[in-house]
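J.: Listed below are the residues making up each chain.
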Amino acid sequence: MRPVAVIGIGKTAFGAFPDRDLRSLAVEAGQKCLEDAHVSPSQVEAFYLGNFAGPSFVGQNHLAPYIAGAMGINGVPCTRFEAACASSGSAFFHAVSAVGAGLYDLVLVGGVEKMTSQSTPKVTEILAGAGDMKGEGKAGATFPALFAMIARRHMYQYGTTREQMAAVAVKNHANGAKNPQAHMRKVITMEQALAGKPIAEPLTVYDCSLISDGAAAVLIAPLERAGEFTSKAAKVLGVAQTSDHVALDEKDDITTFRAVVEAGKKAYKMAGVSAQDIQFAEVHDCFTIAEIIAGEDLGFVKKGEGGPYVLQGCTALNGPRPINTSGGLKSKGHPVGATGVGQICDIVIQLRGDAGERQVERHSLGLAQNLGGSGATAVVTILGAA
Amino acid sequence: MTEALLEKPVETALNGPGPGTVYTETLIFAAPEQFVKDAPYQLAIITLDGGGRLTARIAGDRVAIGDAVEFAEYRDGIPFFRKS
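Keeping their order, the protein sequence lines are chains Z and A.
Once you know that position 289 of the first sequence is 289 in the working numbering, the rest is easy, because the numbers rise by one and skip nothing.
Once you know that position 70 of the second sequence is 1070 in the working numbering, the rest is easy, because the numbers rise by one and skip nothing.
Only chain Z is shown next, with the shape it has when bound in the complex (with noise of 0.2 Å):
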């Protein structure tokens, strides 16, 4: 496979915006994801979009060209990817992929989720769609009552604490107050945290991502054009996507996803890099235990060691490997198909190290993990500076 580069990132601000819709949400990251690349709409090659359920949020389908056409992209491939919550980090794997193997050399990866037009309980029962609807989703599990249960059981195997899946919110919602784009700017207090309304014990809303409106997207190429365009490109050094089950019930151990930990063996092996070497990374907290079990699937810390290793401030904006330097899903939003692709912008926002008040000191290598459902899939990527 040749070498690939993310040349141009875009993304709205996430939140709760009554009076955007859909496409205009995804174009608005499409356009300024081609500016920052100084790419025309004509020169695309092909559009692969991530959105897990535009259908069910906005009652449209065959949103790849709906979005790409809006953009000025016309006959070329247009394709919508869905993995749940990984369905950009998909899309993204895929893109790579196609360009990695000479098929294309300009193709725009976007991400787009338009979820606050729903009511919660709406919301809650579209989310539930990505577990298994004839078993766990029958009986009336949602997906935070899925992570509340991944987490009574870490917490039942390596004594895994409140405080520790607390201390994942604090963190988090710390380093999105200095996010201008981030849904919620909001500094919380671990005492606020531990006394938030309950949604799934153990869980409470401080411990559940937010449900957010956004989108984003990246321009990739062939690493060897990439300074035909822009003098800030990101390296695609490792990128690997895998699955697993997608019940709860049928995997052996709940305290891991299979998934991430191949996934990061693959893009390690790809990148020729340790979990060790990796200086920063975007995780997918969308509940604080998976970013705890996030730190132990990546080989960041040992199996169990996860809440110890936030709560002891490791993964602090000024600890030795910031993690969710963006405010993460807790903080920056979670709009289901748009969070793969953001999260590789806000590797590139810290490689190009114009992140700001967030800026974090070692930036030369960062690494994006993107979950979808309850483990079923996942994406792992590894971004180096170009």
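Hints were generated in silico from the structure; no laboratory data involved.
Careful, some of the hints might be misleading.
As the list claims (entries may be wrong) - Chain A residues, not near chain Z, derived (Cβ > 10 Å throughout):
id, residue
1, 1049
2, 1067
3, 1073
As the list claims (entries may be wrong) - Simulated pairs of lysine-lysine, DSS-like, Cα-Cα distance not exceeding 25 Å:
id, chain 1, residue 1, chain 2, residue 2
4, Z, 122, Z, 197
5, Z, 232, Z, 32
6, Z, 265, Z, 302
7, Z, 32, Z, 178
8, Z, 138, A, 1083
9, A, 1037, Z, 122
10, Z, 178, Z, 232
11, Z, 266, Z, 235
12, Z, 235, Z, 265
13, Z, 197, Z, 186
14, Z, 265, Z, 303
15, Z, 122, Z, 134
16, Z, 197, A, 1037
17, Z, 138, A, 1037
18, Z, 134, A, 1037
Computed from a predicted model, the values in this text were never measured in an experiment.
In this text, a Cβ means the ideal position worked out from N, Cα and C, and glycines have one as well.
Following the hints, put chain A in place on chain Z, whose structure we already have.
T.: Structure of chain A alone, referenced to chain Z:
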């Protein structure tokens, strides 16, 4: 019951699955639209003595990881277990 009969071996559908042990559990406060009236309700993954796991609702007393449970009944095709 008709749907349950079609999907499961006859003896399981008539007698219900189980017994088993609670592998993990949660108490759900924020329910999906169709279960809002039931909230809060307890959901668990049960490790069945006969092998395999099943996601089920809990009837009666709350259960914790490691508790022995038995099949109680099907309600609208949803398996309910209770502490044994």
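J.: So, for every hint listed, does it hold in this structure?
T.: Cross-check of the supplied hints:
no.	hint	result
1	1049	holds, 15 Å
2	1067	holds, 12 Å
3	1073	holds, 13 Å
4	Z:122 with Z:197	holds, 19 Å
5	Z:232 with Z:32	holds, 15 Å
6	Z:265 with Z:302	holds, 15 Å
7	Z:32 with Z:178	holds, 21 Å
8	Z:138 with A:1083	holds, 21 Å
9	A:1037 with Z:122	holds, 14 Å
10	Z:178 with Z:232	holds, 23 Å
11	Z:266 with Z:235	holds, 17 Å
12	Z:235 with Z:265	holds, 18 Å
13	Z:197 with Z:186	holds, 17 Å
14	Z:265 with Z:303	holds, 15 Å
15	Z:122 with Z:134	holds, 18 Å
16	Z:197 with A:1037	holds, 18 Å
17	Z:138 with A:1037	holds, 15 Å
18	Z:134 with A:1037	holds, 20 Å
Hint compliance for this structure: every hint is met.
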